[in-house]
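S.K.: The chain contents come next:
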Amino acid sequence: GAVVSQHPSRVICKSGTSVKIECRSLDFQATTMFWYRQFPKKSLMLMATSNEGSKATYEQGVEKDKFLINHASLTLSTLTVTSAHPEDSSFYICSARDRGDPYEQYFGPGTRLTVT
Amino acid sequence: GQNIDQPTEMTATEGAIVQINCTYQTSGFNGLFWYQQHAGEAPTFLSYNVLDGLEEKGRFSSFLSRSKGYSYLLLKELQMKDSASYLCALGGAGSYQLTFGKGTKLSVIP
Numbered sequence: 001g002a003v004v005s006q007h008p009s010r011v012i013c014k015s016g017t018s019v020k021i022e023c024r025s026l027d028f029q030a031t032t033m034f035w036y037r038q039f040p041k042k043s044l045m046l047m048a049t050s051n052e053g054s055k056a057t058y059e060q061g062v063e064k065d066k067f068l069i070n071h072a073s074l075t076l077s078t079l080t081v082t083s084a085h086p087e088d089s090s091f092y093i094c095s096a097r098d099r100g101d102p103y104e105q106y107f108g109p110g111t112r113l114t115v116t
Numbered sequence: 001g002q003n004i005d006q007p008t009e010m011t012a013t014e015g016a017i018v019q020i021n022c023t024y025q026t027s028g029f030n031g032l033f034w035y036q037q038h039a040g041e042a043p044t045f046l047s048y049n050v051l052d053g054l055e056e057k058g059r060f061s062s063f064l065s066r067s068k069g070y071s072y073l074l075l076k077e078l079q080m081k082d083s084a085s086y087l088c089a090l091g092g093a094g095s096y097q098l099t100f101g102k103g104t105k106l107s108v109i110p
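Chains as they are written, first to last, in the working numbering: chain A, 1 to 116; chain B, 1 to 110.
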């Protein structure tokens with residue numbers, strides 16, 4: 001099956017610094033990637049939809065200047081959390097849609113971000 | 001908007017069958033998805049329904065009734081490793097975005 005990787009799996013950073021999370025589709029071309037965040041014991045909340053070669057579409061309430069998304073190629077999207085604060089601590093998960101199977105999304109293993 | 005309801009928690013016995021229900025209100029969607037998520041891990045795809053009816057995949061089956069705004073996931077021959085959260089999600093019409101329910105935490109006991 002299709003594989004999506006995320007890097008890093010865990011990161012701890014200090015308040016005010018920026019953190020970049022990478023999401024890669026390893027064996028398929030992902031025209032669309034999605035970024036979610038999940039708080040403990042809560043469901044996944046869609047943050048933004050990222051299409052290759054165009055600007056990301058952010059969900060209501062998500063600050064685009066704080067969560068920078070770049071989808072530079074058909075296999076890579078990055079999420080940068082800028083000027084991180086403790087309330088940004090969360091589980092960030094990306095998913096990718098295979099252009100050959102539009103209904104199914106393949107999820108990465110997630111990145112646990114802790115801001116101290 | 002979309003609203004998705006699932007029971008918060010369920011408990012079932014190893015070897016038994018369990019049905020996890022999902023009801024929803026939406027103005028339109030392209031399919032209903034079921035994902036399994038173990039604690040601290042990303043969701044893994046189980047099944048999806050586009051049309052009404054039953055989809056079977058091994059020990060897992062999913063059912064959809066669009067007219068009733070209702071779906072269920074059926075797990076047979078429960079195993080201890082099936083203890084996880086099960087997420088019901090609606091696929092956006094034309095956008096392929098997923099809107100997730102809050103998930104049902106299933107505990108399988110001996």
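Since the hints were derived computationally from the structure, they do not count as laboratory data.
Check each hint, because a few of them may be wrong.
Claimed, not checked - Below, simulated DSSO-like cross-link-like pairs (lysine-lysine); rule was C-alpha separation at most 30 Å, straight line:
no.: 1; chain 1: A; residue 1: Lys41; chain 2: B; residue 2: Lys57
no.: 2; chain 1: A; residue 1: Lys42; chain 2: B; residue 2: Lys57
no.: 3; chain 1: A; residue 1: Lys41; chain 2: A; residue 2: Lys20
no.: 4; chain 1: B; residue 1: Lys68; chain 2: A; residue 2: Lys41
no.: 5; chain 1: B; residue 1: Lys68; chain 2: A; residue 2: Lys66
no.: 6; chain 1: B; residue 1: Lys68; chain 2: B; residue 2: Lys57
no.: 7; chain 1: B; residue 1: Lys105; chain 2: A; residue 2: Lys42
no.: 8; chain 1: B; residue 1: Lys57; chain 2: A; residue 2: Lys66
no.: 9; chain 1: A; residue 1: Lys14; chain 2: B; residue 2: Lys81
no.: 10; chain 1: B; residue 1: Lys57; chain 2: A; residue 2: Lys64
no.: 11; chain 1: B; residue 1: Lys76; chain 2: A; residue 2: Lys55
S.K.: Against each hint, give a clear statement of whether it holds in the structure.
M.R.: Hints, one by one, checked against the model:
no.: 1; hint: Lys41/A <-> Lys57/B; result: holds, 27 Å
no.: 2; hint: Lys42/A <-> Lys57/B; result: holds, 27 Å
no.: 3; hint: Lys41/A <-> Lys20/A; result: holds, 24 Å
no.: 4; hint: Lys68/B <-> Lys41/A; result: holds, 28 Å
no.: 5; hint: Lys68/B <-> Lys66/A; result: violated, 40 Å
no.: 6; hint: Lys68/B <-> Lys57/B; result: holds, 23 Å
no.: 7; hint: Lys105/B <-> Lys42/A; result: holds, 11 Å
no.: 8; hint: Lys57/B <-> Lys66/A; result: violated, 41 Å
no.: 9; hint: Lys14/A <-> Lys81/B; result: violated, 37 Å
no.: 10; hint: Lys57/B <-> Lys64/A; result: violated, 39 Å
no.: 11; hint: Lys76/B <-> Lys55/A; result: violated, 44 Å
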